[in-house]
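Chemist: Sequence order for the protein chains is A and B.
For the first sequence, counting from 1, position 196 maps to 196 in the numbering used here; every step adds exactly one.
For the numbering used here, add 434 to where a residue sits in the second sequence, where the first one is 1.
Hints listed in this document are in silico derivations from the structure and should not be mistaken for laboratory results.
Don't be surprised by glycine CBs; every beta carbon is placed ideally from N, CA and C.
Possibly wrong hints are sitting among the right ones.
Mimicking BS3-like on lysine-lysine, the simulated pairs with C-alpha atoms at most 27 Å apart in a straight line are [stated by the list, open to error]:
no., chain 1, residue 1, chain 2, residue 2
1, B, 686, A, 300
2, A, 45, B, 627
3, A, 337, B, 644
4, A, 296, B, 664
5, B, 1026, B, 1038
6, B, 656, A, 296
7, B, 664, A, 356
8, A, 295, B, 664
9, B, 1081, B, 1048
10, A, 45, B, 1038
11, B, 644, A, 356
12, B, 656, A, 295
13, B, 686, A, 37
Beyond 10 Å from chain B on every Cβ pair, some chain A residues (computed) [stated by the list, open to error]:
no., residue
14, 81
15, 88
16, 224
17, 429
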Amino acid sequence: MGRTVKRIVSVVFAAILLVSVPGCEKSKSESKEFTPKYDTSINYKISVVGTYANFESLESEFERFYSYYPNGEIGYTYLDDYGNTIGPALAGQEPPDIYVVQPWMYGNEKYADLFNNAQDLSDEKLDIDLDCIREGVSWEMEDGQILTLPIFATSYGMLVNMDIFEKEGLKVPETYGELLDVSKKLKAAGYESPVMGANTMTTPGIGYTFAYPMFAKTVKDDRSVEDALNNLDPLAGETMRNSLTRLKEFVDSECIDINKCSREIENDYDAVIMRFFEGDVPMMLCSGDVVSGTKKRESKSEAFSNNPFKYDFYIAPSGDDGGYYMDSISILFCVNKNSANIDMTNEFIRFLTSQKELGLMAQEKRLITPTKDYSLDEVYASLSGFPDNRTISFRDTEILDTTVKQFRAAAYAVINNTMTVDEAVEKYGSIAVK
Amino acid sequence: MVGLILFVIVKYANDRALESNRALVASFEKMTITTEQIIDNYLEDEQHLCDIWSNYINNLADAGNPMTMEEAVSYIRKVKISSEISGHLIYIDDGSLLGISTSPSTTNSNNYQVDYSHISIFDNFDIKNVDGKVNLTRAYTNPLNGVQSIAFLNNVKILDEEKGVIRDGLIIRVVPVSRLEQKLIFLKGEYEKVEISIIDWDGNYMIHGKSLKNSNFYEYFKSYNPMSNKEFNKVVESIHTDIASMHIRNSKSEDCVIAYTPLTSLDSWYLIAYIPAKELTDNRSVDWLLLGMTSVGLMILLHFNLLVLRAFNRKLEVAAIAANQANEAKSQFLSTMSHDIRTPMNAIVGMNEMILRNSHDEEILTYANNIKMAGTTLLAIIKDILDFSKIEAGKMELVLESYNFVSLLNDLVNMVTCKAEEKGLFFELNVDRNIPRVLIGDEIRIKQIITNILSNAVKYTKEGGITFTITSTKSDKRQDEVSLHVEIKDTGVGIKKEDLDKLFIAFERIEEKKNRDVEGTGLGMAIAQSFLNMMGSKIYVESEYGVGSVFSFELRQTVVDWEAIGEYDEAFKQFRSEQKEYKAKFEAPEAKILIVDDTEINLKVLISLLRETKIQIDTADSGDACISKFKTKHYDIIFLDHMMPGKDGIETIKEMRTLKDTANENTPVICLTANAVSGMREKYIEAGFDDYLTKPIDTVKLENMILNYLSTDLVVLNNEDKRTESFTAPQNILVINKDLGVLRKIKEWLEDAGNIVLVKSEEQAIKYLENHEVSLILVDKEMRLEESFDDVKLLSRDFKEMDRDELIDLIKEFL
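Produce the entire structure from the sequences given, and follow the hints as far as they go.
Modeler: What follows is the structure, given as structure tokens:
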């Protein structure tokens, strides 16, 4: 009798345990939902400064934060001449509580205070869920501190007119071979230049968006060349050969009509978007920043308004096995650790640091989310699950801005036939960048 | 009603809310104007301080003692009071926009250098010649301390020591935006959520309200308020030129109000005050809580009322259905009663009439007379009930026909005289001699109205009498109309004031206990009043309890013949003289008539009534039997009953009229009917009858009708000389006899002789004699009189055994 009772009790407990397991998971998931730490009636004021003239996606976050802490005022201010004024601002009478930094600022003495003044967001007391950040864009300092919160990521690739591909019954190319094949078919179908882009020396330009990720992959695979490259050693120019050669093949193929691009796309941002919205460009090389400008310009394009179409962002298929995904940081936030409103500022950052909020911001801005979940913005859905072996995050290389500029100049010269690939490789370090 | 009240309340509240909203928005606009004035004053002050700096520097330059950049900045450093405010001085003649500041960089206390080459705040200025009232830049980042600031500008002449030349400089008074924002803190008291923004021509902010996303107001506006370019341009134009307000949607699609005004001291700067609409409406004066509670209360009341009414209506519906059913049953009952009661009554009255004619047994005659009286009363009651049910059902219609007013008067007077005399009451008649003789109206109904009033007067008067007065006035409105004023005055019991209202209520009898010996249904006055209402008139009553009553009414009648009736006494006598003691007026042994009736007794009555005329009478008991005889034998008149089982009278006559080549093509057919409802004559004529006669059959009417339709060569009139011998008595004659039959006989014999007053008792006689003079008192010799009467006038005999001639001879002899 006693054993029977014990059995029954055991079964009941086991059942309770089984039922409780998903319950535990659920509560863990719920713990990620933001719960105000302070009295929600608290009065506070937070200032954010940055480089965007408009930062509506951040302002939307202010609104959402107000739903928890309604008696506050969070303002975003664009600082004129940010590179020169952020330092004085931090040291001034009205220092910002949150400010924007970019990866290239790190290591520059001029901006040392930006990092020196930054709050360590990994401090456990702050309870900020940094785990939601994608590893590739998470920036941990050598001492283990995390001074920055990536807000947006960006990349380089191409906008694809999905309607054309559907109409022509084609699949978006993933390898260079597929690109050649698809381009040939598209050309046959009447698309004069299946791929277009801005013929500029800038990062959204054709050369950089198509070939730089391949170059970065080369560096990632052999980081021993980094120093030489950063020191502008002409011998390091050889590192560019593969990517420049592929670029040359590309511009010489039926894929792209460079002259047409030069004629019809006069700048690397607005003109790229508006030309793409004309609806007759199957693939438009660009950066993620350019993609971020598409949403607002949809209504400004008469052609797109009259004949809207579906478009997505894809990595340019420059490699034989596929393209290379530059998982780059666009902007990061630092919290001013000397802020007069440090608690509420940290609370705001704690609120912001979630897949949901960062995802919503990225979706509104139409930049790439820094979190692990790409699903919020369909345009970037192709990046989800991109192979790691062809992904280059900003921490995989330490290529200085001067090196980048040399590559851009070399690519531009090769595209426009002012240099051969050999000449560009040979002249690395001394290629005119303007 | 509750719904209407609710509607009025909500409408009122809504109007008040709209009015309140307008007032609040107007107030908000005023606040914006006030704010603009404060900002204007402030900006002018700041510009003035900047001008003081530049004037001082330029004055020295003009005086030939120009200051170097360092000296000028040093001067500014000394004169400026606020540490928040900086003075920047830059060269503008070489485009470098480099200079020095009164305050060092926050990152390097030794660095006073300032560089505006990367800050585009002078785009809208000709900086070599800034000459506005207030020269203000957009909000920008102070390059030395990173603070968002605005700058006031003025040109200065500066000595370049190195080059030894006077150069163009620009003095910049740099003021943190926060300082300007502090000037607007006062607004928070009045409008907690107000946000002040200042924008330039293109919509870029100098001061940026926190809820206004985007760095450009117009971009923000367009993003959340989609509209056509034309509409958008109108909005921009309004902001550029007007002092006004408008509702907009914010980024959360909430209704907001912006009030805007240009800054008067500046070119192309505009102040925009923003507030969520609900913040404004929260302050309005409509108490929505109270309104809501009232509305909810009314709604509950409405629903409660509806429930109660619904329940009540359900009961009413059930009651109405039951009442309708009862009414239908009543109508059915009354309809059948009309036939089923009147038909046997015809037999009773007819057979009774035969008894009265043929019997010589006094006892039987007394019984028969009682039957006749009861039958008459019963028929009157039935008639009243029929009429009232018809009025109730709205089916009573007036039949307007021309009638002889004298005839109408005669009928009335005959009726009331008999009744009054029976009760020993006097009956006084005052008839206007100018009343036209022939009028148009519903004679039957008029007669009924007056009869009812007169009958009541007789019924409720125990002593005294009734005075019946009719006068006429020619109508002012219509030339063919006369207005009759009828007044019936009695010395009866009178009516209490509180009972006057009951007078015209159906079946309501006043002081029923006291008057229970008075016959009646309580319908008479109600019917009279209803008929008068149909004729556009009504009865007026004046009454004094215990003294008597006066009933009167006005009646308009169309005149056919304006010939006046003259002295009614003469007319009445003339009419009375035509009334004969019953005897068959004629004999017509050669005439043949057919009488058709399904009731044997009715046939017998008619045969008996016409026996003395010696007419040859055939009978038939059905429509088919009638038609059979109609085809085979000639008749001079056919009397055909209406209501018969099988083929009724109307069906029968229709068939008869279709038959050709019979001996009766021109034979008049007269309808016999118990249906006494008015309007039937037209119905019967239309059906094909030549005339109709109502049951119970009036012998005189029957004989007259036969005389009317019989060929004169078939008729032999009886000698009437003997019966028409006149006898005139000079004074009133009082007859005292317990036997009503005897009283009537004497009355009939002497009616031409003068005013005959009949009483049944000594007491009634004494009372009458108290107020009246008589010339003769006829008293039954069997009666023992206790009081002494004037022997000279007293004639005591057994009048029962006496005939008319004997009585007249006796009176002549006595007088």
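Chemist: For every hint, state whether the structure bears it out.
Modeler: Comparing the hints with the structure gives:
This hinted pair checks out: residue 686 of chain B and residue 300 of chain A have alpha carbons roughly 23 Å apart, not beyond 27 Å. At roughly 15 Å between alpha-carbon atoms, residue 45 of chain A and residue 627 of chain B fall within 27 Å of each other, so this suggested pair holds. Of the pairs offered as hints, the one joining residue 337 of chain A and residue 644 of chain B holds, with about 24 Å between alpha carbons and a cut-off of 27 Å not exceeded. Our distance criterion of 27 Å between C-alpha atoms is met by residue 296 of chain A and residue 664 of chain B, whose separation comes to about 20 Å.
For the hint linking residue 1026 of chain B to residue 1038 of chain B, the alpha-carbon distance of about 16 Å falls within 27 Å, and the restraint holds. Taken as a hint, the residue 656 of chain B and residue 296 of chain A pair is honoured in the structure, with Cα atoms around 11 Å apart against an allowance of 27 Å. Restraint check for residue 664 of chain B and residue 356 of chain A: not satisfied, since their Cα atoms lie roughly 39 Å apart, outside the 27 Å limit. For the given pair, residue 295 of chain A sits about 23 Å from residue 664 of chain B by alpha-carbon distance, which is consistent with the 27 Å threshold.
Using a Cα cut-off of 27 Å, the hinted pair residue 1081 of chain B and residue 1048 of chain B is violated, with the two alpha carbons roughly 30 Å apart. Using a Cα cut-off of 27 Å, the hinted pair residue 45 of chain A and residue 1038 of chain B is violated, with the two alpha carbons roughly 123 Å apart. At most 27 Å may separate the alpha-carbon atoms for a hinted pair to count; residue 644 of chain B and residue 356 of chain A meet this at roughly 23 Å. The hinted pair formed by residue 656 of chain B and residue 295 of chain A meets the criterion: a straight-line CA distance of about 14 Å does not exceed 27 Å.
A hinted pair counts as satisfied when its Cα atoms are at most 27 Å apart, and residue 686 of chain B with residue 37 of chain A qualifies at roughly 26 Å. A Cβ of chain B approaches the Cβ of residue 81 of chain A within 10 Å, the least distance being about 4 Å, so the stated non-interface status is violated. For residue 88 of chain A, the requirement that its beta carbon stay farther than 10 Å from each beta carbon of chain B is not met, with the minimum near 4 Å. Taking the minimum C-beta to C-beta distance to chain B, about 38 Å, the non-interface status of residue 224 of chain A holds against the 10 Å cut.
Against chain B, the non-interface label of residue 429 of chain A holds: every CB pair exceeds 10 Å, the least being about 29 Å.
The structure shown violates the earlier hints numbered 7, 9, 10, 14 and 15.
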